[in-house]
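There are 2 protein chains.
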Amino acid sequence: MSLIVLTYLLETPGSVEALAAKIASDQSTGTFVPVPGETEELKNRVAARVLDLRPLPPVTMPSLPQQGSGPYNRGEADIGFPFEAIGTDLSALMTIAIGGAFSIRGLTGIRIVGLKLPEEFRGAYPGPQFGVAGTRRLTGVTDRPVIGTIIKPALGLRPPETAALVGELIRSGVDFIKDDEKLMSPAYSPLEQRISAIMPLVLDHEQKTGKKVMVAFGISHTDPDQMMRNHDLVVEAGGNCAVVNINSIGMGAMAFLRKRSQIALHAHRNGWDILTRHPGLGFDFSVWQQFWRLLGVDQFQINGIQSKYWEPDDSFVRSFKAVSTPLFSPEDCPMPVAGSGQWGGQAPETYARTGRTVDLLYLCGGGIVSHPGGPAAGVVAVQQAWAAAVEGIPLETYAKTHPELRQAIEKFGKDA
Amino acid sequence: MSLIVLTYLLETPGSVEALAAKIASDQSTGTFVPVPGETEELKNRVAARVLDLRPLPPVTMPSLPQQGSGPYNRGEADIGFPFEAIGTDLSALMTIAIGGAFSIRGLTGIRIVGLKLPEEFRGAYPGPQFGVAGTRRLTGVTDRPVIGTIIKPALGLRPPETAALVGELIRSGVDFIKDDEKLMSPAYSPLEQRISAIMPLVLDHEQKTGKKVMVAFGISHTDPDQMMRNHDLVVEAGGNCAVVNINSIGMGAMAFLRKRSQIALHAHRNGWDILTRHPGLGFDFSVWQQFWRLLGVDQFQINGIQSKYWEPDDSFVRSFKAVSTPLFSPEDCPMPVAGSGQWGGQAPETYARTGRTVDLLYLCGGGIVSHPGGPAAGVVAVQQAWAAAVEGIPLETYAKTHPELRQAIEKFGKDA
Numbered sequence: 000m001s002l003i004v005l006t007y008l009l010e011t012p013g014s015v016e017a018l019a020a021k022i023a024s025d026q027s028t029g030t031f032v033p034v035p036g037e038t039e040e041l042k043n044r045v046a047a048r049v050l051d052l053r054p055l056p057p058v059t060m061p062s063l064p065q066q067g068s069g070p071y072n073r074g075e076a077d078i079g080f081p082f083e084a085i086g087t088d089l090s091a092l093m094t095i096a097i098g099g100a101f102s103i104r105g106l107t108g109i110r111i112v113g114l115k116l117p118e119e120f121r122g123a124y125p126g127p128q129f130g131v132a133g134t135r136r137l138t139g140v141t142d143r144p145v146i147g148t149i150i151k152p153a154l155g156l157r158p159p160e161t162a163a164l165v166g167e168l169i170r171s172g173v174d175f176i177k178d179d180e181k182l183m184s185p186a187y188s189p190l191e192q193r194i195s196a197i198m199p200l201v202l203d204h205e206q207k208t209g210k211k212v213m214v215a216f217g218i219s220h221t222d223p224d225q226m227m228r229n230h231d232l233v234v235e236a237g238g239n240c241a242v243v244n245i246n247s248i249g250m251g252a253m254a255f256l257r258k259r260s261q262i263a264l265h266a267h268r269n270g271w272d273i274l275t276r277h278p279g280l281g282f283d284f285s286v287w288q289q290f291w292r293l294l295g296v297d298q299f300q301i302n303g304i305q306s307k308y309w310e311p312d313d314s315f316v317r318s319f320k321a322v323s324t325p326l327f328s329p330e331d332c333p334m335p336v337a338g339s340g341q342w343g344g345q346a347p348e349t350y351a352r353t354g355r356t357v358d359l360l361y362l363c364g365g366g367i368v369s370h371p372g373g374p375a376a377g378v379v380a381v382q383q384a385w386a387a388a389v390e391g392i393p394l395e396t397y398a399k400t401h402p403e404l405r406q407a408i409e410k411f412g413k414d415a
Numbered sequence: 000m001s002l003i004v005l006t007y008l009l010e011t012p013g014s015v016e017a018l019a020a021k022i023a024s025d026q027s028t029g030t031f032v033p034v035p036g037e038t039e040e041l042k043n044r045v046a047a048r049v050l051d052l053r054p055l056p057p058v059t060m061p062s063l064p065q066q067g068s069g070p071y072n073r074g075e076a077d078i079g080f081p082f083e084a085i086g087t088d089l090s091a092l093m094t095i096a097i098g099g100a101f102s103i104r105g106l107t108g109i110r111i112v113g114l115k116l117p118e119e120f121r122g123a124y125p126g127p128q129f130g131v132a133g134t135r136r137l138t139g140v141t142d143r144p145v146i147g148t149i150i151k152p153a154l155g156l157r158p159p160e161t162a163a164l165v166g167e168l169i170r171s172g173v174d175f176i177k178d179d180e181k182l183m184s185p186a187y188s189p190l191e192q193r194i195s196a197i198m199p200l201v202l203d204h205e206q207k208t209g210k211k212v213m214v215a216f217g218i219s220h221t222d223p224d225q226m227m228r229n230h231d232l233v234v235e236a237g238g239n240c241a242v243v244n245i246n247s248i249g250m251g252a253m254a255f256l257r258k259r260s261q262i263a264l265h266a267h268r269n270g271w272d273i274l275t276r277h278p279g280l281g282f283d284f285s286v287w288q289q290f291w292r293l294l295g296v297d298q299f300q301i302n303g304i305q306s307k308y309w310e311p312d313d314s315f316v317r318s319f320k321a322v323s324t325p326l327f328s329p330e331d332c333p334m335p336v337a338g339s340g341q342w343g344g345q346a347p348e349t350y351a352r353t354g355r356t357v358d359l360l361y362l363c364g365g366g367i368v369s370h371p372g373g374p375a376a377g378v379v380a381v382q383q384a385w386a387a388a389v390e391g392i393p394l395e396t397y398a399k400t401h402p403e404l405r406q407a408i409e410k411f412g413k414d415a
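Here the protein sequences line up with chains A and B, keeping their order.
Quick note: the first sequence uses numbering that gives the first Met the number 0, first residue 0, plus one each step.
Quick note: the second sequence uses numbering that gives the first Met the number 0, first residue 0, plus one each step.
Here chain A stands alone, though its shape is the one from the complex (with noise of 0.2 Å):
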């Protein structure tokens, strides 16, 4: 019989072993008090186990706020949940092994730290359309990471400014450019107007030069229908890339999309940081990023090493691993994207650190932008950097002939 194995990190002032069970049991075929009808061999045939219990050491401080006072047990808790039990659909699976799990009474933690897929799930989502292969072809660019730029000020600019900036930018020989995920289509920049003053840019910059540089437009809307004539509107005007907010329009719109897209899809994370920041609660990433995998997502941000946020940089060189690991096959994998603070500096450490490889989306927002040397220099520093790491040559060294990269060191280089 095929199991869906998720791993529970569980913390309790009680039995671990008992919460392990109250959890398989409550997630499957439990109930308050027995109920005519329930059968031995009924719950048999889909009632999750606990497979392993892995102790770990106490605590003494609860993840949850506890009025009595410790030690409070610890374990990872294996529990397979029969594949008929919940199926292929992944709401199923949330809702089945894992929302309600969230609930139960008598733990002071509980963490979903691994989640294994039976084969059953091979094909039975479409996956990233463009994936890392996609994105290198529809951006040209074969060698190393693919460059990318965030338009600023988050919010503020109507189009004409926005498009003046952006063509700055495309000229800049940047790779890759997006809005701000908090961008989308507010009244003073509404996103048929941004399309509109942005796209002819591009085109008109890919027929001078060749390259075309993957603009990714904030399409993300509660009404997927509405987000439906968003991406419409970005293939209809030449555009092949589009920032979703996966955690704000759920997993349902996101399945809506990737059904209907012809365009990358550039997931921005926000809000994750609900369900992850504490340790001993919510998600690791390795289990959620499976979610939205499956579900399409092209092109995943995960943040940085010293990104400007709370995330440890171990954490970003997990998720790095997490979204480059094949589920079923490498064309599963989505393209990291890097951010958060980069400027290039970070190169060295980013490629030493996850696997010395080039396959990745690195985003640059002031790095680029405020260069002492405007963007273009900007851009060129953050090739010089990558190719100093590539090449094992130390930063400062390579700054020696590279004065674009020695420009960017003095002026971000003084915090890191």
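In case anyone wonders, no lab produced these hints; they're calculated from the structure.
Don't take each hint at face value.
Remember, identical chains collapse to one label, so a pair may be satisfied in a single copy or spanning two.
DSS-like mimics (lysine-lysine), calculated; alpha carbons at most 25 Å apart, straight line [what the hints assert, rightly or not]: (1) K21 <-> K410; (2) K258 <-> K399; (3) K320 <-> K399; (4) K21 <-> K413; (5) K210 <-> K413; (6) K410 <-> K211; (7) K320 <-> K115; (8) K42 <-> K307; (9) K410 <-> K210; (10) K413 <-> K258; (11) K307 <-> K399; (12) K410 <-> K307.
It should be emphasised that the depicted structure is a prediction, and the values quoted were computed from it without experimental measurement.
Put chain B on the given structure of chain A with help from the hints.
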């Protein structure tokens, strides 16, 4: 200028004022270095601002585990986002005002505890199609709570076995029957077969007695197109309600469904606990429920008094008040659904603490099904408990002349 006002409970080893100001900046116009083209005029148009900051006593234990030692300063900050910066798009609101704030460095706790939408949201969303009045009309229950039950076990019954149970429940006189939220459309119980097996029993009973029991089928699916087909199956079979796992499908899919729905949408919020259980992190229900009410939830599960889950009674009472408080008009209130471990014994306290209203759907699983006299006696006992509560008669007194209630107290009351 219209504002969308969010209230954040903040906790930090540093300055709460500085943290609030950083959220306002980061979540609207901020960026990590000043960039060309960013002018004060642009900023002013869309910048979020801290409107008020109410200090709270510091705490010694941080909500997010920290290396250092406290104290951790706390305060409640009202931050106003210009309506122009967001518009009425709820996914934009979630992204701009909520999602990103949880990623900020230096905080040790953040919880969204208030949301006040401006008049521009009036009429921007459909809201409940049925709500309290529609649920009463469809069930024919006018002067007491709608009494419901849940098919158990949660998983494992095949459609004929389910239909046999449902037939007995229909004959019991119950007003409402629902699939467990974990039952959607697994291979052993495809939704279509379940509907085909159950709905003739409902319609037959209606023809004989005039009473149409509302049966809520689990129509959730990752793919909104499939979810709509599931909805249509319910409609075509003469059904009038569906269970929707709102957290698993997400906001977009809920909007998609509501736009096309012809039936009452019964929201199960499983997974919600991840977002609310730690008192220093996540959301208050009073905030989160606003999104789903605007999107169109008709019946909202909010646990109950003495539930079997972690949620304290006070929290249930607050949730009840939240969903019963109009956002813009009384029609945008869904029917509150009190459930989990209910058997009638909680009726007096539920009634006393929720404003002495009977406008709720009162869900009893084992409390009805496992009544010593059978489900029909179980339904009568629950009705008796509510009659006693409304008349202000102690249950023990009322039970002296009402044997079904007495049996219920004897069986279920011993744990209470």
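Legend entry - Copy assignment of K320 with K399, given that the CA separation must stay at most 25 Å: neither (33 Å within a copy, 67 Å between copies)
Inset, instruction - At 25 Å max between alpha carbons, let me know whether K21 reaches K413 within a copy, between copies, both or neither. - result: Intra 53 Å, inter 22 Å, cutoff 25 Å: inter-copy only.
Inset, instruction - Have a look at K307 and K399 and pick one of within, between, both or neither, based on CA distance no larger than 25 Å. - result: Cα proximity of K307 and K399: none, with 28 Å in one copy and 67 Å across.
Inset, instruction - Go through the copies and call it for K410 and K211: within, between, both or neither, with a Cα cutoff of 25 Å. - result: neither (30 Å within a copy, 73 Å between copies)
Legend entry - Up to 25 Å CA-CA - K307 versus K42, copy category: between (49 Å within a copy, 21 Å between copies)
Inset, instruction - Using 25 Å as the alpha carbon limit, work out where K210 and K413 are close: within a copy, between copies, both or neither. - result: neither (34 Å within a copy, 76 Å between copies)
Inset, instruction - Pop the pair K410 and K307 into one bin, within, between, both or neither, using alpha-carbon distances up to 25 Å. - result: within (16 Å within a copy, 58 Å between copies)
Inset, instruction - Tell me, please, which holds for K410 and K210 at an alpha-carbon limit of 25 Å: within, between, both or neither? - result: Neither, since 29 Å and 76 Å both go past 25 Å.
Legend entry - Homo-oligomer pair classification [K258, K413; C-alpha up to 25 Å]: neither (46 Å within a copy, 53 Å between copies)
Legend entry - Same-copy or cross-copy closeness of K258 to K399 [CA-CA at most 25 Å]: Neither, since 50 Å and 62 Å both go past 25 Å.
Legend entry - Homo-oligomer pair classification [K410, K21; C-alpha up to 25 Å]: Between copies only: 23 Å across chains, 56 Å inside a chain, cut-off 25 Å.
Legend entry - Intra/inter-copy verdict for K320 and K115 if alpha-carbon distance must be at most 25 Å: within (16 Å within a copy, 41 Å between copies)
Hints 2, 3, 5, 6, 9, 10, 11 from the earlier list are contradicted by this structure; the remaining hints agree with it.
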